[in-house]
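> Here is what each chain is made of, one letter per residue.
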Amino acid sequence: MTVTDDDRRTDAAVTELPDHVQVATEEGRRLAQQLSDADTRHARKLLEVRNLTTHFFTKEGVVHAVDDVSFEIDYGETLGLVGESGCGKSVTALSLTRLVPNPPGRIVRGEIIFDGIDLMKLSEEEMRLLRGKKIGFIFQDPMTSLNPTLTIGYQIAESARIHMGLSRKVADDRAVELLSKVGIPRSRERMRDYPHQFSGGMRQRVMIAIALACDPMLLLADEPTTALDVTIQAQILDLIRSLSEEFGTAVILITHDLGIAAGMCNRVNVMYAGRIVETALVDDIFERPRMPYTWGLMDSLPRLDEERGARLRTIEGMPPDLLSPPDACRFAPRCDYVRDVCREDEPELTRRDEERHLARCWGTEAEGWIK
Amino acid sequence: MATRTQALEVPAGLDAKPTSLWRDAFGRLVRNRMAVVGGVIVLILVFLAIFGPFLTPYPYSAIDYKAMAATGGIPVPPLSMGHLFGTDNLGHDLFSRILDGARISMTVALVVQVVVIFIGIPMGAAAGWFGGRMDNLLMRITDVVYAFPDLLFIILLSISFKDTWFGGAVDGLLLVFVAIGIVSWVTMARLVRGQILSLKETEYVEAARAIGVSDFRIVSRHLLPNAIGPVIVAITLGIPSAILAESTLAFLGIGVNPPRASWGTLINDGSLWMSSTPHMLVFPAIAIALALLSFTFLGDGLRDALDPKLKGKQ
Amino acid sequence: MTAYIIRRVLWLIPVLFVVSVITFALMHSAPGGPWQREKPLPAATVALLDEKYKLDQPVIVQYLTWAGNMLTGDLGPSYKYRSRDVNDMVASGIGPTLQLGVMAFLLSVLVGIPLGVIAALRQNKVPDYLATGISVIGIATPSFVLAFLLVLIFASGLHWFPTGGWRGPETWVMPTVALAAFPIAQIARYTRASMLEVTRKDYVRTAQSKGLKERSIVVVHMIRNALIPVVTILGPIFAGLVTGSFIIETIYSIPGIGKFYVNSIGQRDYGVIMAMTMLYAAAVAVMNLVVDIGYAYIDPRIRYS
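Chains as they are written, first to last, in my numbering: chain L, 1 to 371; chain A, 1 to 314; chain S, 1 to 305.
Careful, some of the hints might be misleading.
Said to hold, decoys possible - Here are the simulated lysine to aspartate or glutamate pairs, DMTMM-like style, with alpha carbons at most 20 Å apart:
{"hint": "1", "chain 1": "S", "residue 1": "Lys213", "chain 2": "L", "residue 2": "Glu124"}
{"hint": "2", "chain 1": "L", "residue 1": "Lys134", "chain 2": "S", "residue 2": "Glu214"}
{"hint": "3", "chain 1": "S", "residue 1": "Lys125", "chain 2": "S", "residue 2": "Glu214"}
Stated by the list, open to error - If you want the footprint, here are the derived chain A segments under chain S, 3+ residues with CB under 8 Å:
{"hint": "4", "segment": "85-93"}
{"hint": "5", "segment": "142-150"}
{"hint": "6", "segment": "156-169"}
{"hint": "7", "segment": "274-281"}
Rather than coming from a laboratory, the hints here were simulated on the basis of the structure. All values derive from a computational prediction rather than experimental measurement. All C-beta atoms, glycine included, are put in the ideal place defined by N, C-alpha and C.
Work the whole structure out from these sequences, hints included.
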C-alpha cells in the first residue's frame, strides 16, 4: 500500500497550491476564466441542455436511452425529472456529467451548456475538474454508493481536498462541519467510522455531505430516497431542500414518484421512453396535466381525498423497445385515448395553455385535438 | 459495466422469449470461445481415454526390441520406425503410453469427483441445514484437513498402504482416488454449506416450511437445485486439481504401479533423458498442459454461463 | 482482536494434535518398518534396533514418548541418517526451505496482483492478453514440468543459471520461478476478476462523480476492495507452496527439509516424517491465521470477536 501513500502525498502537494495555480494546462486556464466570468451570469441559465441524445451500443443493437432531450434550469431552481424506471432519467443525469459508462454508452449528439460552458467541448481533464466541484451527485442506493473500505471522513474530505485545495486538516474540519449540517450527531467522532457502521438513512446523509462538499452549483439527486424507509424519505428530502436553499444550489431531482416531485420542485419534466413528454411548472402539471401518461402517473399516486379501499390504478403494458423506437407516439400502445394519428406520427413538444407548459401529445377529445 | 446499464436501461419485456435457465446458460457457454475450445479438447481427451487402445498398434507395455536394437538402446525419436511420438528409453511406444496416461487421468478426474459429490454434497447440505452440532463437526474436520498440507497427506496415506491389498487395487489407483478424494470433499462440503446457509433464509423455503414440506424434501428439491450452478463449476474446476495431484504423485513415484504409467511417471522418466531426447519430456508435458487448460477453460466458461452476475470473472 | 488471535492460536493446539495422531497412526498402521531393506536384515539385528529405538513398545507408548520429547524440543532420532538426529536435520534444512518458500510467496503476490490489476484495467487489450498468457502458462505447467523446462532452456541451453544447488542468488532464480508460476497465475486470475467486479460497483461511480483522477480512483478506491477476495486464497496458496517446495527442492537438489521429507517417507523414517509434517502443518495453520488477520485489516466490515 505504499503506492496509496505516495498518491495521497502528490494529491496533497498539488491541492495545497492556490486554486488558480492548480489548473496549469491551457484548457484549464480557459476553464478557470470561464468559471470566474460571473458578469453575464444573471443573464443566462445555469444549465441548458439541447438535443441531448445518448445511445448504448449493445450486442442486440443501439438502445436509444436518451433521445433528443432539451431542457433548462435556473440558478437555485429545483427541477424534477419524473418517469418509470428505464425511461432515461438516470442516463440523462449521467450524461450531464459525462459519466455514461463507455462502452457501451455514448452521448452521440447535443449540447450541455453549464454556467455558460459547453460541457461537450471540454477535455476529459477539464470535465473532471467540474465534477464534484460544480456538480454534486447523489445516487440511489446509499448502501452501495459509499466505499466500504474508507472512512466516511476521508470520503467527504476527499473532494474538498482535490477541488478546493484544502490541506488534510482543513478538509477534515470542513467534513466535520458538513456532517453536522446533514444531521449526523457527534460528527467529529464519526469521521473515523466506516460506512457499515451507519444506517441507510445516515449513509444517504453522508452521500449528501459528499455531494455538497465543494458547495456545487448543481446537485444531481438520482432517486435519493427510493432505497430508504418511508419515514426516512421525508427527512432526507427535507434535508436536500433546506441545504439547497441554504447553499443556493440548483437541484435536478430524479424520481419515479410524482408526489415527491410535487413537494420539492419548481418545475417538472416527465420523461417517457427516452423523451421528455411533458414539462411545466409544478402547479400547472398537477392542475392541468396535458398528457395521458402524466395522468396515469398521477392516478397511480395514493390520494387522501379518495374513498378508503379504492384501488390504486396502474398503467397497463410495458414501455416500448428502445432498440428501434417507433416513429409514432411512444406512449400510444398503452394510451387509453389513442387515435390513428398517434400510431402514425410522433407529436412534437408543443406549448399548451401556459407559456412554459409543453406536452408531446396529439390531444384528447376532452382537451381538444391538435391533429 | 455493460451489465448494469443494460439492466438499468433496456426495458423489461424486450426479449421476453420464454427460454429456460439451462438453455440460456448453454447459449452463453457456446458463445464463449475459450470454453468451447476447452470443451472440445475435454471431449477428445475422454474419447482417447476410452478408445485409446484401439487407436494404436502397440499396447502401452509392449517393448519394440527391434527398434531398440536399431538405435542401440537410445529412445526412438518421433515420427520414425512407426512410432508417432517415438519411444522411451526402454522401447515403449510413447503415443500408446500417453493414451494410457489419458485413461488414468480421466479415471482420476471422474472417480475423485464422484467421491467429492457423494461425500461433500450430503455433508455440506446437512451441516448447512441442521447447523449446530453437525455444522460444528464439519467445520472442525475442515480445520484439520486444511491444516494438513494436501499433498503431504496424500503421500503419507499412499506410502502407508502401498504394500496392502488396498494399495495394489486397480493398479494402485484406488489408493490415489481415495487419498485425493479425502482432501477434496471438504472444499465441496464448505461450498454447499455456504449455499444452503444463504438459501435457507429465502422466502420460498419459508413458504415450503409453512405448508409442511419435510426437511429432506426442502433440501433435496428446493435448496440443492438452486445451489447446482456453483457445484457444477466447483466440480469442473476440481478436475484439473485432481489430475495435477495424481501426476504429481506419479512423478514422485507414488500411485499407479508399473508397467502402467501416468503422465507424471512419463515426465519423471523423460526428465532423465531431457538433454539428449527431449521428446520424452515434451509430449507428456503437452498432454498434461492440454488436460489442465481445457478443464480450466471449460470451468471458467461454465461459471460465466451459469452465473451471469459473475460475467467477466475469469 | 487480541482475544480472537489468542483463541485462534490456542485452537492450533488441538488441530496440530489431531494432525500428529493421524500421521502417527498412518505411519504405524502399515506393514513394514524403518529396517525394511531390499535384502532383509537379520531378525536379531531388527530386534536390537527396535529395542534401541523403543519400536518394540506399544504404539500408544511410542506416541506419548514422541509427543513428550517434542514438547521439550527433542524431535527424536532419524532411523535413516543414524549419525544425525531430527533436530540437526531441521536446523540445517529449514533455512533454504524457508527462504525458497518466502521468496516464492512474495514473488507470487508481487507479480500476481499487479498483473491482475493491469489486465483488468486494460481489459481485452495487449496487457490483458499478456497477463492472460502468463496465467495460462502458470496453470498449464505443473511446477515439476516447469522446473525441468527451465533447466532445459536456461541451464542446459543458455547456461544462464546453474542446474541446481543452493549457493547464491544465481541458484535461487529458477527454483523460485518454478515454484511461484502457478500461484502467480492463480492470484492474477483472482485479482483480474475481482477488479472487473469492482469496476462495476456503485462506489466507483461515486468516486468518478467526485471528479477524482483515474489513478486515485484505481489506487484509493478500487484496489483495496478488489484485494479482499484475493486475500482469502492466499492461505491455500501458501499451503500449495509448502507442498510444492519439496518437489522443487528434490529437482534442484536444494538442501532443504523438503528433500529429507521425500526420502524419509519411503524409508519410514518416523521421526523425520512426524517432525516435518508437524512443521508444515504449523506453518500452514499460522499462515491461515495471518491471512485471516490481514483480511480484517483490509476489510473494515470484518471484526472478529
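> State for each hint whether it applies.
Evaluation of the provided hints:
1. S:Lys213 with L:Glu124: holds (10 Å)
2. L:Lys134 with S:Glu214: holds (19 Å)
3. S:Lys125 with S:Glu214: holds (18 Å)
4. 85-93: With 0 residues in contact (Cβ-Cβ under 8 Å with chain S), the coverage given for the segment 85-93 of chain A is violated.
5. 142-150: As far as the segment 142-150 of chain A goes, the hint holds, because 7 residues have Cβ atoms under 8 Å from chain S.
6. 156-169: holds (count 8)
7. 274-281: holds (count 4)
The structure shown violates just one earlier hint, number 4.
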